[in-house]
Amino acid sequence: MDPIQETVKEIHWNVLESLSKVARFSRDTAATILEHPYARPILPHLPPVVNNLIQTEPTRSVIDEYDPGRVYLAKWASSINEASRAERLEKSDESFPGRRRRRWSDSEPKRWEEETEDELTLPPVHAIRTDPLNAEKWFSFFDTEGRLKVELNEVREAVFRGGIENDIRIDVWKFFLKVYPWDSSRVERENLLDAKAQQYWALKREWWDSPEVLNSDDFKEQKMRIEKDVIRTDRTMEFFAIEDMPHPDPLISASSKTTNKKLEAMKDILMTYHFYNKDLGYVQGMSDLLAPVLIVMEDEVSAFWAFVGFMERMKSNFYRDQSGMRRQLLTLEHLIKFMDPPLYKHLT
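Every number in my numbering is 587 more than the matching position in the sequence shown, counting from 1.
The set of hints was computed from the structure by calculation and includes no laboratory data. Do not rely on the hints blindly, as some may be mistaken.
What the hints assert, rightly or not - 30 Å max Cα-Cα, derived DSSO-like pairs, lysine-lysine:
(1) Lys815 - Lys791
(2) Lys791 - Lys924
(3) Lys783 - Lys736
(4) Lys810 - Lys854
From a predicted model like this one, the values you see are computed outputs, not experimental measurements.
Generate the whole structure from the sequences, applying the supplied hints.
Below, the structure is given as structure tokens:
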């Protein structure tokens, strides 16, 4: 087999895993992989155009800027042999694990027949879609005190089937992102939001009003990472498009760069989260999750606590050991293997 084909064959799942980390910068990420010393043994087997990629200036710039991605991808090449060996062991079994079932034959003589995964066909999917959840329906879920009076699954089903109309999205998201408890009353939520506002500003003051923190190496490093991520926010979106203020950093402001209040709010939220969740801190890519939350919530306090709730569900994707991403990729592999064995065979 051609060396290039053999290499590609062996690393298909590893490439998928690597690209999931930095999908927005796939070409530059490939260069990051190849730049690492562990990857050099495979360079002779790759096309010349890929080798040439790592010599470009944009690639060099990205390599310098994305240290977390480089640390993660450093493990990529060393896992190739292990993955390839596991794949060969799996293929050594003549029977391919997949969906199997027994059915009573339609023809004579009647007998039990076993169908293999290649013979099985999935039933057609009939998706049930409804109108988006509107204000009237949403408020009907609550009693006069503002407490949820229906089963939570009914609310989830309504959102899943139809989505949410924009005029109530902020309220619905606050429940789903755990800013509000589902069993709270209207008065309790008002008091809770006041308390959360005070807590947020206290958290922000931990770094905002501390010269010691502002001058620390950790703060400067995180500020640089956050700045580089936030500046890449999609400025074609109306919410982030307007440049209405000079950059607060004198060094950057001197270069005539401008910013806006929304982008600066993103930076403050992300930095505050870094100090709020000290075990995880800020990790590249979190800004992409914050952007839609801030657009919906609009104000800094609500956006921060909604982001905290969102990160409770998503934080495993940002673990330094990549265990969360590996678990999701393994789940995806198992789903493909079960739901579409021919596709799984093709991929492997």
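Okay, the hints, checked on the actual structure:
1. With a C-alpha separation of about 20 Å, the suggested pair Lys815 and Lys791 falls inside the 30 Å cut-off, and the hint holds.
2. With a CA separation close to 47 Å, the supplied pair Lys791 and Lys924 exceeds the 30 Å bound.
3. A C-alpha spacing of about 25 Å is found between Lys783 and Lys736, which places the hinted pair at or below 30 Å, so the restraint holds.
4. A C-alpha spacing of about 8 Å is found between Lys810 and Lys854, which places the hinted pair at or below 30 Å, so the restraint holds.
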